[in-house]
Amino acid sequence: MKNYTSINDIDNINSWIDEAKALKTNHLKDVNLGKNKTLGLLFFNSSLRTRLSTQKAALNLGMNPIVMNVSGDAWGIEFGDGTVMNGNTAEHIKEAAAVVSQYCDIIAVRAFPSLTDKAKDESEQVLSAFKKFASVPIVNMESATGHPLQGLTDAITISEHAKVSKPKVVLSWAPHIKALPHAVANSFVQAMQKMDVEFVIANPEGYDLNPEITGNTTIYHNQEDAFKDADFVYTKNWSSYKDYGKINNTDPNWMITKDKIGDAKFMHCLPVRRNVVVEDAVLDSKSSLVIEQANNRTYAAQLVLKKILENL
Amino acid sequence: MKNYTSINDIDNINSWIDEAKALKTNHLKDVNLGKNKTLGLLFFNSSLRTRLSTQKAALNLGMNPIVMNVSGDAWGIEFGDGTVMNGNTAEHIKEAAAVVSQYCDIIAVRAFPSLTDKAKDESEQVLSAFKKFASVPIVNMESATGHPLQGLTDAITISEHAKVSKPKVVLSWAPHIKALPHAVANSFVQAMQKMDVEFVIANPEGYDLNPEITGNTTIYHNQEDAFKDADFVYTKNWSSYKDYGKINNTDPNWMITKDKIGDAKFMHCLPVRRNVVVEDAVLDSKSSLVIEQANNRTYAAQLVLKKILENL
Amino acid sequence: MKNYTSINDIDNINSWIDEAKALKTNHLKDVNLGKNKTLGLLFFNSSLRTRLSTQKAALNLGMNPIVMNVSGDAWGIEFGDGTVMNGNTAEHIKEAAAVVSQYCDIIAVRAFPSLTDKAKDESEQVLSAFKKFASVPIVNMESATGHPLQGLTDAITISEHAKVSKPKVVLSWAPHIKALPHAVANSFVQAMQKMDVEFVIANPEGYDLNPEITGNTTIYHNQEDAFKDADFVYTKNWSSYKDYGKINNTDPNWMITKDKIGDAKFMHCLPVRRNVVVEDAVLDSKSSLVIEQANNRTYAAQLVLKKILENL
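Chains as they are written, first to last, in the numbering used here: chain U, 1 to 312; chain V, 313 to 624; chain R, 625 to 936.
It is worth saying that the hints were derived from the structure and are not from the lab. Among the hints, erroneous ones may be present.
[Unchecked claim] With a Cα cut of at most 20 angstroms, we get these calculated DMTMM-like pairs of lysine to aspartate or glutamate: (1) U:Lys-178 x V:Asp-385; (2) V:Lys-570 x V:Asp-537; (3) R:Lys-755 x V:Asp-596; (4) R:Lys-882 x U:Asp-81; (5) V:Lys-406 x U:Asp-81; (6) V:Lys-444 x U:Asp-81.
[Claimed, not checked] Short derived list, chain U residues pointing at chain R, Cβ under 8 angstroms: (7) Gly-40; (8) Asp-73; (9) Met-85; (10) Ile-177; (11) Met-195.
[Stated by the list, open to error] Far from chain V, some chain R residues (derived; all Cβ distances over 12 angstroms): (12) Asn-638; (13) Lys-645; (14) Lys-653; (15) Lys-661; (16) Thr-662; (17) Ser-695; (18) Glu-702; (19) Glu-715; (20) Gln-726; (21) Ile-837; (22) Glu-934.
A quick note: this is a predicted structure, and the numbers were derived from the prediction, not measured. Where a beta carbon is used, it is the ideal one built from N, C-alpha and C, also for glycine.
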């Protein structure tokens with residue numbers, strides 16, 4: 001594997017899950033693999049879990065992480081082709097990506113979507129530019145349309161907590177006050193489509209995700225129907241895809257409650273707004289897997305870095 | 313020892329001072345103790361000495377420090393119980409603390425007081441929340457009401473420079489243009505109360521510290537009387553405790569001068585505003601211990617981390 | 625060598641170039657030299673290449689880098705002598721430099737000029753203060769008037785790509801929309817003056833660099849004349865030195881084009897504004913050495929740190 005930029009880069013999700021569980025059991029078994037190798041973590045946007053877990057994963061492999069907040073520590077990066085750069089951007093991605101490749105053995109990038117320009121977001125401007133102009137492997141730490149480290153994490157977590165051979169997993173939209181990206185939902189959908197689960201989606205009308213991603217997955221517009229016999233309820237807000245980036249629904253009836261999910265396990269990528277997306281009673285119950293998901297972020301990242309290091 | 317959040321966590325200050333001096337003599341003697349262990353340093357507020365010395369201490373123990381400016385690198389954290397999070401905070405401390413605990417073997421936190429809400433500050437909202445919701449040990453890198461790494465540092469420094477068996481130590485308030493916290497003063501008072509010194513406080517009327525902390529310690533409202541025969545003059549501004557967080561006095565006559573302190577050693581936690589808190593002639597003289605105090609910050613932090621690591 | 629703050633600190637540029645090339649061939653040969661030693665990187669200004677390459681250089685020597693954005697992570701630093709500090713600065717450089725020296729074995733500093741106060745900039749207020757008040761070696765990561773890590777990098781790169789024994793090297797001004805410092809140009813001039821090259825400068829009238837630095841170097845005010853038979857065209861914008869810090873010329877005819885430079889190698893320190901300073905056709909051609917320059921930043925920094933470490 002060269003890059004890890006999408007769930008589609010996982011060749012066999014079941015074997016990846018097994019490998020990640022092995023790393024979790026013995027997290028220092030490859031502590032010499034990344035010795036004297038550097039992971040550059042470039043943040044165009046805020047981060048807590050990804051920032052810390054990816055550093056921790058690198059350290060578990062003996063790598064040296066170098067963190068940079070691109071906008072705050074450096075300056076505006078230009079992505080346009082042929083631009084006369086007499087505006088607010090001071091360095092072109094062609095140079096920036098090639099230059100960072102001189103100092104880092106692997107580059108991990110976080111760059112959120114605009115949520116205003118669908119075509120630009122779907123072109124994955126930043127991530128694609130790094131893939132094109134960097135000379136070292138690229139890891140996606142959440143891009144405009146995907147968050148494959150989270151998707152892999154979620155697959156691992158479901159595998160760990162499944163009590164039946166083919167559990168029912170529901171991805172449910174929930175309300176939020178801000179317009180949020182589709183990245184986490186997209187990667188979760190793609191991960192579930194690769195696993196041996198019964199997978200359905202629940203979201204209000206007008207909130208269907210990109211049909212090229214959801215494909216044949218059943219979409220309910222009635223949450224109660226979708227939740228019937230669910231083993232896992234994975235919750236996430238996203239803004240409208242059709243009416244791109246807009247908030248057309250904040251219906252509090254879509255908030256996740258203990259009553260609604262019963263004994264199903266609750267999952268969320270975090271950060272989560274309590275009593276907006278999900279009520280306290282769920283998050284504070286034994287049904288919540290959110291902290292264990294966060295824990296598994298380390299091993300998802302560690303597995304990805306390990307596979308890239310082995311291929312350098 | 314699990315957490316180090318207050319001077320009260322020191323069981324025997326004299327033996328701690330001896331242990332810190334031993335680390336100072338041979339700062340790499342435990343360089344394998346923290347191998348493959350991670351210290352998370354979370355800053356809700358600015359820092360220079362604490363930021364650098366705590367990282368250095370971790371490195372001296374072979375630990376991997378990971379630094380995060382919480383507000384700048386991530387987002388607003390919610391501390392309220394049962395809050396409907398439809399405002400400016402994006403993640404609850406319940407999740408944040410539990411999540412960071414997945415990636416760090418020890419978490420160090422800096423979070424200053426509001427200086428507007430005494431009850432909230434005295435509840436140590438941030439520090440208490442980390443103690444409650446984190447699953448790993450917590451180190452206080454200055455909280456609303458205490459700065460115990462500084463207090464330990466100061467005890468070490470006084471022990472190193474004492475020329476008599478029971479030196480006289482004066483904590484003196486000095487003027488400042490901004491409303492400052494009581495944390496450093498509180499921890500210094502608590503440290504001195506544990507040491508075999510003659511300890512008094514000098515501050516203007518209306519500026520007495522929290523009486524639950526000062527206890528039986530003599531408080532002078534006349535600086536000259538307090539300074540008589542002093543061996544050490546420890547200086548610090550703080551805002552009013554009674555008229556909470558207010559600046560009711562900026563009397564330049566309380567500034568520390570060479571004339572006032574004579575041969576006494578001058579101490580300050582830094583940063584210090586020259587010619588407002590203390591005149592150049594003091595800071596630039598051999599009587600000043602401020603740089604040596606800063607040096608001892610490393611060994612105070614290293615001792616605390618070592619004790620926690622030995623107990624993991 | 626104690627400090628590295630100017631190209632003048634290079635005793636023999638040819639032997640330094642040879643040593644840097646040896647490090648490039650075997651970049652981990654001194655990986656134990658800096659073990660348990662700390663490099664503090666203090667940024668008063670933004671940085672990308674310098675931030676990453678200097679960390680990478682430290683890691684190649686086994687050092688622990690600690691990075692701090694002074695203004696963002698800490699507070700305003702006072703440089704005035706005898707100042708009554710009742711304004712926006714909270715800590716004097718006398719304390720700050722001495723304190724950081726307690727935690728770092730070497731301190732690297734970046735501090736740009738004001739471009740409004742020539743005398744202050746030429747006094748190198750920040751860098752000089754660190755040299756004066758720090759007790760450990762200082763490395764200049766670009767100061768008001770010099771960028772000697774870049775100058776050394778450029779000397780290495782020219783040496784690697786020279787096809788004749790005494791190549792012709794031209795430093796050419798190019799237009800820019802912002803007022804930029806003279807630091808890179810100054811250090812490049814000083815480096816070329818030490819090398820066995822035919823060196824000339826091309827800039828518009830009114831844009832001559834500090835004559836104390838350019839000395840006997842020929843200055844053309846006609847770019848075409850200067851470029852004749854050039855082997856290397858090093859391009860950089862700078863604001864006026866005479867009319868200090870002003871932009872009096874943005875003539876697009878000074879932009880570097882493929883037509884102008886022919887087969888000459890193109891060099892620039894980066895970041896570079898495409899199609900303002902230089903056209904795409906140059907940067908995207910085989911003639912461009914800019915990425916290789918960025919690569920050599922690591923070995924220039926590594927050589928400097930190595931020489932300092934060997935002398936500690």
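Agreement of U:Lys-178 and V:Asp-385 with the hint, judged by alpha carbon distance not exceeding 20 angstroms: Holds, because 19 angstroms separates the two Cα atoms, which is no more than 20 angstroms.
Agreement of V:Lys-406 and U:Asp-81 with the hint, judged by alpha carbon distance not exceeding 20 angstroms: Judged against 20 angstroms, a Cα distance of about 45 angstroms means the pair is violated.
Interface hint compliance - U:Met-195 to chain R, C-beta minimum distance less than 8 angstroms: violated, 38 angstroms
Hint status (Cβ of U:Asp-73 to nearest Cβ of chain R, threshold 8 angstroms): holds, 6 angstroms
Residue hint U:Met-85, partner chain R, criterion CB-CB below 8 angstroms: holds, 4 angstroms
Distance rule for R:Gln-726, whose beta carbon must clear each one in chain V by more than 12 angstroms: Its Cβ does come within 12 angstroms of chain V, the nearest being 4 angstroms, so this is violated.
Closest CB of chain V to the CB of R:Glu-934 still more than 12 angstroms away: holds, 20 angstroms
Satisfaction of hint between V:Asp-596 and R:Lys-755, Cα-Cα up to 20 angstroms: Satisfied, since the Cα-Cα distance of roughly 17 angstroms is no more than 20 angstroms.
Agreement of V:Lys-444 and U:Asp-81 with the hint, judged by alpha carbon distance not exceeding 20 angstroms: violated, 52 angstroms
Proposed interface contact between U:Gly-40 and chain R, which counts if any beta carbon pair is under 8 angstroms: Check passed: Cβ of U:Gly-40 comes within 7 angstroms of chain R, closer than 8 angstroms.
Status of the stated non-contact between R:Glu-702 and chain V (beta carbon gap over 12 angstroms): Contrary to the label, R:Glu-702 does not stay out of reach of chain V, its closest Cβ about 7 angstroms off (not over 12 angstroms).
R:Asn-638 remote from chain V - nearest C-beta pair above 12 angstroms: holds, 37 angstroms
Of the numbered hints listed earlier, those contradicted by the structure are 5, 6, 10, 11, 15, 16, 17, 18, 19 and 20.
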